[in-house]
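The listed protein sequences derive, respectively, from chains A and B. For the first sequence, the numbering used here assigns the number 1187 to the initial residue and increments by one for each residue that follows. For the second sequence, the numbering used here assigns the number 1187 to the initial residue and increments by one for each residue that follows.
Among these hints, one or two may not hold up.
Where chains are identical, the list cannot tell them apart; a pair therefore holds if satisfied intra-copy or between any two copies.
[Stated by the list, open to error] Each computed BS3-like pair below joins lysine-lysine, with the alpha-carbon atoms no more than 27 Å apart:
no.	residue 1	residue 2
1	Lys1509	Lys1364
2	Lys1189	Lys1232
3	Lys1553	Lys1449
4	Lys1378	Lys1196
5	Lys1517	Lys1465
6	Lys1291	Lys1392
7	Lys1228	Lys1189
8	Lys1228	Lys1454
In short, the hints are calculated from the structure, not lab data.
Protein chains: 2
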Amino acid sequence: MSKRLDTTPKKDEFRMPGEFEQHKQCWMIWPERTDNWRLGAKLAQKSFAEIASAISEFEPVTMGVSKEQFSNARQMLPDYIRVVEMASNDSWMRDVGPTFVINDKGEVRAVDWKFNSWGGLVDGLYFPWDQDDKIAQKVCEIENVDTYRTDGFILEGGSIHVDGEGTCIVTEECLLSKGRNSHLTKEEIEEKLKEYLNIEKVIWIKNGIYNDETNGHVDNICCFARPGEILLAWTDDEKDPQYNISKSAYDLLTNETDVKGRKLEIHKIHIPNPIVITKEESEGVDAIDGTLPREEGDRQAASYINFYIANGAIIFPLFNDEKYDKLAEEKLKEVFPDRKVVGVYAREIILGGGNIHCITQQQPLGKSIG
Amino acid sequence: MSKRLDTTPKKDEFRMPGEFEQHKQCWMIWPERTDNWRLGAKLAQKSFAEIASAISEFEPVTMGVSKEQFSNARQMLPDYIRVVEMASNDSWMRDVGPTFVINDKGEVRAVDWKFNSWGGLVDGLYFPWDQDDKIAQKVCEIENVDTYRTDGFILEGGSIHVDGEGTCIVTEECLLSKGRNSHLTKEEIEEKLKEYLNIEKVIWIKNGIYNDETNGHVDNICCFARPGEILLAWTDDEKDPQYNISKSAYDLLTNETDVKGRKLEIHKIHIPNPIVITKEESEGVDAIDGTLPREEGDRQAASYINFYIANGAIIFPLFNDEKYDKLAEEKLKEVFPDRKVVGVYAREIILGGGNIHCITQQQPLGKSIG
């Protein structure tokens, strides 16, 4: 009961809402691959369960789980979290899930982008990705939501952020990467974003967070708090390779306007001290040919920007960083005075290559279909 | 979002509605095991698709499909049928699915019986049955329906029929079989039915259809058309082993009353001429140790009683039997004057050991939860 539509959201007057708009629920996928998550993924599962529980204080959560892990996940999660069977290749619902769009009547549809593991055979992170690429459709089947096909256009949900009013932010590093839509020009890619997100303006910053294996997803470096207001990952340490990246984004955004002609207000959030994989952590991961290894000394792309906006709340990652955890919390409280700000310790998730925003996908409320 | 309840439907005043009451939707499971369905299950899949399509003219249908068959099923089914991922060991939703119960407010819950492949290690039909036994829970998770645990009580949905007003019909052959609840007395089994279906009276007929591998499920030999009215599989051929079985049931039912004290009106429907597996049909099935083989010359338990009552319709099996197909249709039209009677050719399904009622499970309408 999910029809495939051959038009586009723009033609049908559906738009992607901002994450800060009202949700029906949050979707996640249960982690289990032992070549990405150490110690049989048991620690990651505990973290995912904690994050799902934190979000479910504010909105319903549905967890997609493979048949092999179904009973275990059902037991590890509280019973008010819905668990549905869903095969995957890993657990990044932001990137493999549907991008929901909505119209003025409150009808909900979704864009089902093509997914190729963040770069396919060029620089993708694992092979195969066949089950991941079916996730968006499976979510929409369960929810009776019709989907737009994108004619092979490759995109992950983490590589876009919209303000819900016609402006989108992306990084050149990701959207112009060789492993995605390299047969298209920048203008053609922008055209696709405009058609499928129903936006009018794309703001291109250069790069994402230093050493981000997703080719610099925007959702790890900056996001909209609301129309006209942006949060940006920052560092004061000019020797940190992150400094020039953040500085360049800051300068660009400072001189930009959104589609409504507004100047952007920019809030900086300092990144944590570098998160580096330990020997013990590295040794807990299975070595499998074709999967990005997790090696001792690797710096992970940790950033507080990778939070999830739930109904009435911000769920953000903690790194056990005495100084910057606290600063991030204060900044988030200041920028979101009407939301409860909840930190969840997330080292196990950044060890797998992402964070809270990467493992979640919001479904807008829309009207009840009954 | 499906809580496990430790009480019983009787205690909470939920009852199993008759199949003829209003449905929200019909659940099915996609067939694929090649040791039960010939020629790679391709012919059975076509039949299941035809039956799902026929039902979906009258009520929504959701098809549970393994990850391996997801794309194929999605393509073979019309897009107004919902397809959700669901691992199984075979495709008998009547027997492995939840038994939904409802209360006066229209709230819906379900009973999640223990399933052991129609007899477990005593005379079960295949091993293992671990995925089948999770189906009821998975359906209820998707639908946000709370479930009653039955403390290990084994039952298949096809072994019971209720009138929705307090009466249930079962067969002794099945409910007293060695492979199910042989540690319980007949009275204790009756007590379980009363608690979990919220009924007051159990009518026990002796046997199901001749050679029925389910140990004689009641849903192949008789069912309620409405309270006080029963349809019974019949044969006029006194030499057919089915004759004495049907005659015994007829005599017993003629002398019975339901819980309201009503005499039962009994409508006979003649069975088709014997359906016997051909050499070609037998050779199309993979031989696997531990699975009931499909051998040339085996007589299948074909019966027109194995129909599904949809909203406003009866979907019943055709066997390409010139005489009895027609008689069955006429009888069903006479007994259900307000429903459209739709026949679907179902030889491929009876070759696998059941029929339309066995592969479907109704979910009552209840109130919208929004």
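Provide an ascending list of the numbers of those earlier hints which the structure does not satisfy. 1, 3, 5, 6, 8
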